[in-house]
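J.: As given, the protein sequences belong to chains A and B, one line each in that order. Under the UniProt record's numbering, think of the first position of the first sequence as 1, with each following residue one higher. Under the UniProt record's numbering, think of the first position of the second sequence as 1, with each following residue one higher.
Calculated from the structure, these hints are not laboratory results. Be careful, since some hints might not be right.
[What the hints assert, rightly or not] Mimicking BS3-like on lysine-lysine, the simulated pairs with C-alpha atoms at most 27 angstroms apart in a straight line are:
| hint | chain 1 | residue 1 | chain 2 | residue 2 |
| --- | --- | --- | --- | --- |
| 1 | B | Lys334 | A | Lys61 |
| 2 | B | Lys397 | A | Lys266 |
| 3 | A | Lys334 | B | Lys61 |
| 4 | B | Lys266 | A | Lys397 |
| 5 | B | Lys104 | A | Lys397 |
| 6 | B | Lys104 | B | Lys65 |
| 7 | A | Lys397 | B | Lys61 |
| 8 | A | Lys61 | A | Lys27 |
| 9 | B | Lys397 | A | Lys369 |
| 10 | B | Lys25 | B | Lys369 |
| 11 | A | Lys61 | A | Lys12 |
| 12 | A | Lys363 | B | Lys25 |
| 13 | A | Lys27 | A | Lys369 |
| 14 | B | Lys266 | B | Lys369 |
[To be verified] Partial list, computed: chain B residues near chain A (C-beta under 10 angstroms):
| hint | residue |
| --- | --- |
| 15 | Leu100 |
| 16 | Lys104 |
| 17 | Thr105 |
| 18 | Thr106 |
| 19 | Ser301 |
| 20 | Tyr393 |
| 21 | Asp401 |
C-beta: ideal position from N, C-alpha, C; glycine also.
There are 2 protein chains.
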Amino acid sequence: MKPVEGGVTAPKGFRAAGIHCGIRKNKTKKDLALIVSDCDANVAAVYTQNVVKGAPNRVTKEHMKAGNCRAILCNSGIANTCETDGVEKAEQMAAAAAQLLGVKTTDVAVASTGVIGQPLPVDVIAAGLPQLVGELSPQGGHDAAVAIMTTDTYPKEAAAEFTVGGKTARIGAIAKGSGMINPNMATMLSFITSDCAISSAMLDRALREVVGVTYNCLVIDGDTSTNDMVILLANGQAQNAEITGAGPDYEAFEAALLSVCRSIVKMLAADGEGATKYLECHIRGCRDTASGRVLAKSVMSSSLVKTAFFGADANWGRILCALGYSGVDFDPQKVNVSFHSAAGDILVCQNGGSVEFSEELAKRILSEKEITLTIEMHEGEAEAVAYGCDLTYDYVKINGDYRT
Amino acid sequence: MKPVEGGVTAPKGFRAAGIHCGIRKNKTKKDLALIVSDCDANVAAVYTQNVVKGAPNRVTKEHMKAGNCRAILCNSGIANTCETDGVEKAEQMAAAAAQLLGVKTTDVAVASTGVIGQPLPVDVIAAGLPQLVGELSPQGGHDAAVAIMTTDTYPKEAAAEFTVGGKTARIGAIAKGSGMINPNMATMLSFITSDCAISSAMLDRALREVVGVTYNCLVIDGDTSTNDMVILLANGQAQNAEITGAGPDYEAFEAALLSVCRSIVKMLAADGEGATKYLECHIRGCRDTASGRVLAKSVMSSSLVKTAFFGADANWGRILCALGYSGVDFDPQKVNVSFHSAAGDILVCQNGGSVEFSEELAKRILSEKEITLTIEMHEGEAEAVAYGCDLTYDYVKINGDYRT
Numbered sequence: 001m002k003p004v005e006g007g008v009t010a011p012k013g014f015r016a017a018g019i020h021c022g023i024r025k026n027k028t029k030k031d032l033a034l035i036v037s038d039c040d041a042n043v044a045a046v047y048t049q050n051v052v053k054g055a056p057n058r059v060t061k062e063h064m065k066a067g068n069c070r071a072i073l074c075n076s077g078i079a080n081t082c083e084t085d086g087v088e089k090a091e092q093m094a095a096a097a098a099q100l101l102g103v104k105t106t107d108v109a110v111a112s113t114g115v116i117g118q119p120l121p122v123d124v125i126a127a128g129l130p131q132l133v134g135e136l137s138p139q140g141g142h143d144a145a146v147a148i149m150t151t152d153t154y155p156k157e158a159a160a161e162f163t164v165g166g167k168t169a170r171i172g173a174i175a176k177g178s179g180m181i182n183p184n185m186a187t188m189l190s191f192i193t194s195d196c197a198i199s200s201a202m203l204d205r206a207l208r209e210v211v212g213v214t215y216n217c218l219v220i221d222g223d224t225s226t227n228d229m230v231i232l233l234a235n236g237q238a239q240n241a242e243i244t245g246a247g248p249d250y251e252a253f254e255a256a257l258l259s260v261c262r263s264i265v266k267m268l269a270a271d272g273e274g275a276t277k278y279l280e281c282h283i284r285g286c287r288d289t290a291s292g293r294v295l296a297k298s299v300m301s302s303s304l305v306k307t308a309f310f311g312a313d314a315n316w317g318r319i320l321c322a323l324g325y326s327g328v329d330f331d332p333q334k335v336n337v338s339f340h341s342a343a344g345d346i347l348v349c350q351n352g353g354s355v356e357f358s359e360e361l362a363k364r365i366l367s368e369k370e371i372t373l374t375i376e377m378h379e380g381e382a383e384a385v386a387y388g389c390d391l392t393y394d395y396v397k398i399n400g401d402y403r404t
Numbered sequence: 001m002k003p004v005e006g007g008v009t010a011p012k013g014f015r016a017a018g019i020h021c022g023i024r025k026n027k028t029k030k031d032l033a034l035i036v037s038d039c040d041a042n043v044a045a046v047y048t049q050n051v052v053k054g055a056p057n058r059v060t061k062e063h064m065k066a067g068n069c070r071a072i073l074c075n076s077g078i079a080n081t082c083e084t085d086g087v088e089k090a091e092q093m094a095a096a097a098a099q100l101l102g103v104k105t106t107d108v109a110v111a112s113t114g115v116i117g118q119p120l121p122v123d124v125i126a127a128g129l130p131q132l133v134g135e136l137s138p139q140g141g142h143d144a145a146v147a148i149m150t151t152d153t154y155p156k157e158a159a160a161e162f163t164v165g166g167k168t169a170r171i172g173a174i175a176k177g178s179g180m181i182n183p184n185m186a187t188m189l190s191f192i193t194s195d196c197a198i199s200s201a202m203l204d205r206a207l208r209e210v211v212g213v214t215y216n217c218l219v220i221d222g223d224t225s226t227n228d229m230v231i232l233l234a235n236g237q238a239q240n241a242e243i244t245g246a247g248p249d250y251e252a253f254e255a256a257l258l259s260v261c262r263s264i265v266k267m268l269a270a271d272g273e274g275a276t277k278y279l280e281c282h283i284r285g286c287r288d289t290a291s292g293r294v295l296a297k298s299v300m301s302s303s304l305v306k307t308a309f310f311g312a313d314a315n316w317g318r319i320l321c322a323l324g325y326s327g328v329d330f331d332p333q334k335v336n337v338s339f340h341s342a343a344g345d346i347l348v349c350q351n352g353g354s355v356e357f358s359e360e361l362a363k364r365i366l367s368e369k370e371i372t373l374t375i376e377m378h379e380g381e382a383e384a385v386a387y388g389c390d391l392t393y394d395y396v397k398i399n400g401d402y403r404t
């Protein structure tokens, strides 16, 4: 397996495009993306667990039930959520794209991201669609990644190549993140393509396995969005023998998917709203991975921990505090905490208590852009990782007046 | 019932003092408080549910088991938490105070608040105790309130007078709050005194009832502290017939306790770290009070909701989002949201969707210092309230470098 360029258009048989259609006032910001598979693709998807669900989520979930997908249409700027005619508008988006592409409406997935509770100008989207379809290209993955951005400061794309059944296959992905990010059994918007031949059942299994340890272990601000969605398409153009069960082929596919999704999640964390630092929290020696994830996410969700990292302050007491209110039981007197970055390693807490360390070295380590917290629980053999970022003035600035 | 001055020394038979003993470098900041009952007092207490518990919490819980208390000794600056000799030091604090006061060590409650994971200079506390005991006074409640402050910008005290069994009784309280505030079945530090005669069992019942709807409905930053503690003393000096069961006397006591604790909680919320606005979230028409509290606390915990209030932005979609991920099931299409302040009332969301409203009026309403969010669920008859504040640049500033 190796990383490759091209995002969602890296795999064979996918084209994409991204344009400014007019949802956003800023004409230099693309706001409409389309990803198309040239042939039928098996599809797996996971959606937000928020009780308040975006209209596009409901429509896409219904459309994807048959397990087939030809296109994903996504706008940024307005979330099409909490509007009485939202479902109707999401259906209109899908129907308009389906007509231009000559596919069934139920083969089109739709997604929206942006402000909740504002009316979606579906006529503006419909008017932009002919241009969008005209610009579809096997090199269009990047434009699509740009078009789905909201407060993201850069587009998120990743792709990998791997061998399966003697054939070369690829997986590519794009995503948007930044704020309202605390995925729960689903995620912010992420669209993943593959030319691997794999059954719907195995595709679904791979997606759920990988989402559990990547997107679902990401925390920006603890707010689980109403519009979270990950869609994975596989169109079989790599011409490998279809993967229909466990075995080396499935493992190769899952490993490549994990690699691509982990890359995307790291980009999402590093580009969290207002973030100046990328944080990884590794829990080692926990009883099981489920409780390890709860511990890691509790630490990555703590406003006090996040602000301490912003200030490059080795305030490990806040980390113990966040472990302690996670809901997981453990013996605090067995916990060690250390920090790692390009500037070095430092142990700051041993057996749940203070240990002498150089504040100067700690400051240097915590002043780097990428920091790993390692927490040794000494309770068992399992491990877990959560991904996050610091809490900064800019997070407050960005969200103090997002709508205007 | 009427509010009165005097905080914890408002009830008969209580003296208090607060001094600078030297835990803090800033000599103008008091850092040691003592509250003494002139006779034995029944005691009820609730403590943090964090797995990582401060040493003073463990010692006080043990001491208070017999149901009797004569004194509360509390320092600010260092939390005496996550230190191997923390319990020993907390015991030393209690013993030193007990000796000077001529009471049993187990009749002394101790508490500490401040940085976690730094050694408590118990010798400095012991050296300051004679002065502290010498300054004990029936007017000393305010000094004690000042001495327990950390990043609080003003002391929190409240007291009320009520009639019970034909006698006049009082309840007084102080508290410290500001950060690491998300009480769970207990709270930040709050010390409450009363001269009412009431049995230990009824005292405990009243405290648990009132804490459930006051301290436990307060959110500053979602971090449940390791050192949360509420202690309620009742010394019987009002000479009413002891309250030993339900009835009008118990109801009068509980109503006065609720009034005092609600006042304290409002002060704690308004003075949350970096806060510029006091927020109350009222859930109406929910299925039961328990689910109502979960909904209200979810809204008050959301970083996105809190930053929107900082920016006076009527971004009601974030409120629906936070209700949606609270874990409580409901029909989003029945939800109304309105804002209220001294500048007026405004409905911003009806039946889970947008409604036309004046952005200009909304801005004026949200620019006030005290704002009430009212959320009508239309699911039942119950109500609940949570208390909180906005998330600001100053929260990030204060917590980016708290230790130094």
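J.: All hints are to be evaluated individually against the structure, with a verdict given for each.
T.: Hints, one by one, checked against the model:
1. B/Lys334 to A/Lys61: 23 angstroms, holds
2. B/Lys397 to A/Lys266: OK: lysine 397 of chain B and lysine 266 of chain A at ~26 angstroms, within 27 angstroms.
3. A/Lys334 to B/Lys61: With Cα atoms ~23 angstroms apart, lysine 334 of chain A and lysine 61 of chain B stay inside 27 angstroms; holds.
4. B/Lys266 to A/Lys397: 26 angstroms, holds
5. B/Lys104 to A/Lys397: Status violated; Cα separation ~54 angstroms.
6. B/Lys104 to B/Lys65: With Cα atoms ~13 angstroms apart, lysine 104 of chain B and lysine 65 of chain B stay inside 27 angstroms; holds.
7. A/Lys397 to B/Lys61: At roughly 43 angstroms apart (the allowed maximum being 27 angstroms), lysine 61 of chain B and lysine 397 of chain A break the hint.
8. A/Lys61 to A/Lys27: 31 angstroms, violated
9. B/Lys397 to A/Lys369: 19 angstroms, holds
10. B/Lys25 to B/Lys369: Measuring from Cα to Cα gives roughly 33 angstroms; hence the hint is violated.
11. A/Lys61 to A/Lys12: 25 angstroms, holds
12. A/Lys363 to B/Lys25: 22 angstroms, holds
13. A/Lys27 to A/Lys369: The hint is violated at about 32 angstroms.
14. B/Lys266 to B/Lys369: 13 angstroms, holds
15. Leu100: 30 angstroms, violated
16. Lys104: 29 angstroms, violated
17. Thr105: Violated, because the Cβ-Cβ distance from threonine 105 of chain B to chain A comes to roughly 24 angstroms (cut-off 10 angstroms).
18. Thr106: 25 angstroms, violated
19. Ser301: 8 angstroms, holds
20. Tyr393: 5 angstroms, holds
21. Asp401: 4 angstroms, holds
Comparing the model with each earlier hint shows violations of hints 5, 7, 8, 10, 13, 15, 16, 17, 18; every other hint is respected.
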